[in-house]
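Take these sequences, add in the hints, and give me the full structure.
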Amino acid sequence: MKFIDEYRRSDLAHTLAEKIAAMTDKRLKIMEVCGGHTHAIFKYGIEDLLPLNIEMIHGPGCPVCVIPLGRVDDAISIALQTDVIFTTFGDAMRVPGSKTSLLDAKAAGADVRMVYSPLDALRIAKKNPDRHTVFLALGFETTAPSTAMTVLQADKEGVENFSVFCNHITIVPALKAMLDSPDLKLDGFLGPGHVSTVIGLRPYQFVARDYGKPVAVSGFEPLDVLQSVYMVVKQIVEGRAEIENQYGRAVSPDGNRKALEVLFEVFEPRDFFEWRGLGSIAHSGMKLRGKYARFDAELKFSIPGLRVADPKACQCGEILKGVKKPWECKVFGTACTPETPIGSCMVSSEGACAAYYNFGRLSKVAERHGAQAGV
Amino acid sequence: MCLAIPGKIVEIVDHENSIAKVEVGGVRRNINTGMLDDARVGDYVLIHVGFAMSRIDEKQAQETLRILEELGSYMEEFEQFKTAME
Amino acid sequence: MKQFATSPLFERVERARRRKPKIKDTHITLAHGSGGKAMHELIEGLFLEYLRNPLLEKLEDQAVFEIASNHARPRLAFTTDSYVVDPIFFPGGDIGSLAVHGTVNDLAMSGARPLYLSAGFIIEEGFPIADLKRILSSMREAALEAGVEVVTGDTKVVQRGSADKLFINTAGIGVIEHAGHISASRAEAGDKVILSGAIGDHGTTIMIARGELELETEIESDTAPLNSLVREMLDEADSIAGVRAIHCLRDPTRGGVATTLNEIALASEVCIQIYEDSIPVRREVRGACEILGLDPLYVANEGKLIAIVADEIAQPMVMRMKENVNGRDTCIIGEVKIEPPGIVAMQTGFGGARIVDMLVGEQLPRIC
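Protein chains in written order, with my numbering: chain A, 1 to 375; chain B, 1 to 86; chain C, 1 to 368.
Bear in mind the hints are in silico, worked out from the structure with no lab data behind them.
Please note: incorrect hints may appear among the correct ones.
To be verified - Simulated restraints on C-beta separations:
id, chain 1, residue 1, chain 2, residue 2, range
1, A, D180, C, A189, 44 to 54 Å
2, B, I12, A, D254, 40 to 50 Å
3, C, D164, A, R131, 15 to 25 Å
4, A, P253, B, E70, 50 to 60 Å
5, C, E269, A, T24, 56 to 66 Å
6, A, D271, B, E58, 36 to 46 Å
7, A, G279, C, V84, 38 to 48 Å
8, C, S82, A, G290, 31 to 41 Å
9, C, E216, A, D271, 36 to 46 Å
10, B, E70, A, N53, 35 to 45 Å
11, A, G109, C, R52, 48 to 58 Å
12, A, R131, C, Q159, 34 to 44 Å
13, C, S278, B, V10, 25 to 35 Å
14, A, K126, C, D154, 21 to 31 Å
None of the values given here were measured: they were computed from a predicted structure.
For every residue, glycine included, the Cβ atom is placed at its ideal position computed from N, Cα and C.
Here's what the structure looks like:
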């Protein structure tokens, strides 16, 4: 497949990895912000190729992982109302709320349907005029314009039985919150490539300018990730801190103007939005503007809207910031497993804990930590 | 997050409503191209949840590959350089 | 692949993974039928607790037992399976052919020669007779091809909404005429892992045929009877080192190749190492999986088998299997090691290594 296979060539991987190893012996911690990168790193076994002094920290960029318990409860309460068809991406089906998940709600009789696109949800609404279809909108700036386009289409076509339960979030405030965290010890970042197709490179400037950390906006194939690590390490070795673009084939420096326009037309920032594991972050969530209030499920349905505290035992916050390794958390592999996840990092295969649990058990990183701990 | 993959536009299905058919490895689907300036048959676009998010820039793709191949192949030269430095 | 070394991570996960399966859920969800960990919890934590006996306990795809008679002690294989596929007609087959193939294959995986099937039909009122005729005719054809007969049956009609169109249950009985012992618990270090062709065709076809994802492609289900392939495999093994050199046979249906290999690794307490590059995946299956963020290793097959055989017969076995119409793309995808036991590890095409574990439930598209 064009634009995929070329970036999975293993012959280039080894030399590229050797080159990264040759650049420095210094211990470096590099965070991949995006869950898609976490997934790629584990799926292709990239950590095994990297030298031991380069440690990847798996960041908060998995929308399914960071949706707070209370919001999942709200979604389930909407799904359980009569005459509601509740539509969602497959990712969100198994995410546990404080007691149950959407999959459980489905088993209890709710009409929960998986869709590939928000447009599919709108189509379901049009096909079922006597019922109300709700779309669980999830995701960063990559996904939000698609929800916005769908709301605009519903508006244009005058569809009245469709609404959106909006949980869209933005990555930059979260990135800033992480950088401001006193216990953060990161040396550089892989920037989220698909978010950047929409927002471009400029929003990351502050990372280099104010915090002196290098960023390489990265594609999602394994060679993309390796090359981006190379670019970040090179910046560190050369004493630079810039925003570089490894994913030039898909990301233009200015982003996608049309996507940004529809985004701002339909959404406005919330004052605060809660992230599982990270707490409340200012201006990190989006909601529908007043103009489109009739498509806002939060206004249409009475939802509990309760804030549910993260379980105390869970150390997702420390893991998301790279302060702790997943297996250093007390509940990892005891009370918290992919079957019964407690923390956000165990929920989706893009979360750090689930990735180590499912794919990374033989990883060099864990081995090294084992050697240090004398196991 | 944000799974997006490149696909080739094989047909403009509805120009007015920005609907195009894309193909990925022999699998086809209609997607919305309303967020691109214009979409033409033969273009490769990045597809996410049924929408084209950006056009894949062939020149940039070639450039990335060129750098990757360079990084992957001038190892010997690099070794010589390192030895010289020591 | 590099040498195995233990770590706190590995030990923690193993401890959790080896916990006795317990059913904690209060209700059945679709995950319990997916072939993953949730289904194993249901089977081992509930069904086995109530219905335990030495034959059921083995959790093979079929029960194998001896019948004492005056002259001989023939070994029989007995199995059952229900078919609820939606849609009931799909490219490459329908619920009728699937109901014959699935049960024939479960028998064949013990090396048995399938003899007789039963067929039970649960039909929703209003179901078109014309569709039923089509399904029966495809069952007849499938039975003829597999050399089995449907010798007993049952029909129930239920109220509209009490079943989705048509469900079929088939049970099958076969006779084991070889002296070997084929079981998921017989994989040994040094064995080779053989796969009889490209993976994921059936699951991908069904997913696309449902229409909800609005994907179009030309792919067909691989549904096929595997008993003739198995018969030839037994012959081949017999001619070299004896049938006992075939250690395990399984058809990777629900949960795909990844789940089946995990079942074998756990039952045999061995490590199965596979090589991603050697696993054939059709272009369309790869395309659909890329779009939806799925892994073809977990996608269902209905006409493929995995064989774990002694190293000495592996190469000739592959050659022999390639001659069979249902084994043309047979290849070796990995080998069996000692450490770490109970684990399936994969050398990725990119040169890294990772664990391939069972999933909790059905694989869901990973999109946002």
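Going down the list of hints, with the structure as the test:
1. Checking the proposed 44 to 54 Å range against D180 (chain A) and A189 (chain C) shows it holds: the Cβ atoms sit about 53 Å from each other.
2. In this structure the supplied range 40 to 50 Å is violated for I12 (chain B) paired with D254 (chain A), their Cβ-Cβ distance being about 26 Å.
3. A hinted range of 15 to 25 Å for the beta carbons of D164 (chain C) and R131 (chain A) is consistent with their spacing of about 20 Å.
4. For the hinted restraint 50 to 60 Å between P253 (chain A) and E70 (chain B), the CB-CB distance of approximately 23 Å leaves it violated.
5. For the pair E269 (chain C) and T24 (chain A), the beta carbons lie near 42 Å from each other, so the given range of 56 to 66 Å is not met.
6. Between D271 (chain A) and E58 (chain B), the C-beta spacing of about 43 Å keeps the proposed range 36 to 46 Å intact.
7. Separated by about 45 Å at the C-beta atoms, G279 (chain A) and V84 (chain C) satisfy the suggested range of 38 to 48 Å.
8. As the Cβ distance of S82 (chain C) to G290 (chain A) is approximately 53 Å, the hint placing it in 31 to 41 Å is violated.
9. Taking 36 to 46 Å as the suggested C-beta distance range, the pair E216 (chain C) and D271 (chain A) conforms, at roughly 45 Å.
10. For E70 (chain B) paired with N53 (chain A), a C-beta distance near 24 Å fails the hint of 35 to 45 Å.
11. As the Cβ distance of G109 (chain A) to R52 (chain C) is approximately 33 Å, the hint placing it in 48 to 58 Å is violated.
12. In this structure the hint that R131 (chain A) and Q159 (chain C) lie 34 to 44 Å apart at CB is violated, the actual value being about 23 Å.
13. Between S278 (chain C) and V10 (chain B), the C-beta spacing of about 31 Å keeps the proposed range 25 to 35 Å intact.
14. A hinted range of 21 to 31 Å is violated for the C-beta pair K126 (chain A) and D154 (chain C), which are about 42 Å apart.
In terms of the numbered hints stated before, the structure departs from hints 2, 4, 5, 8, 10, 11, 12, 14, listed from lowest to highest.
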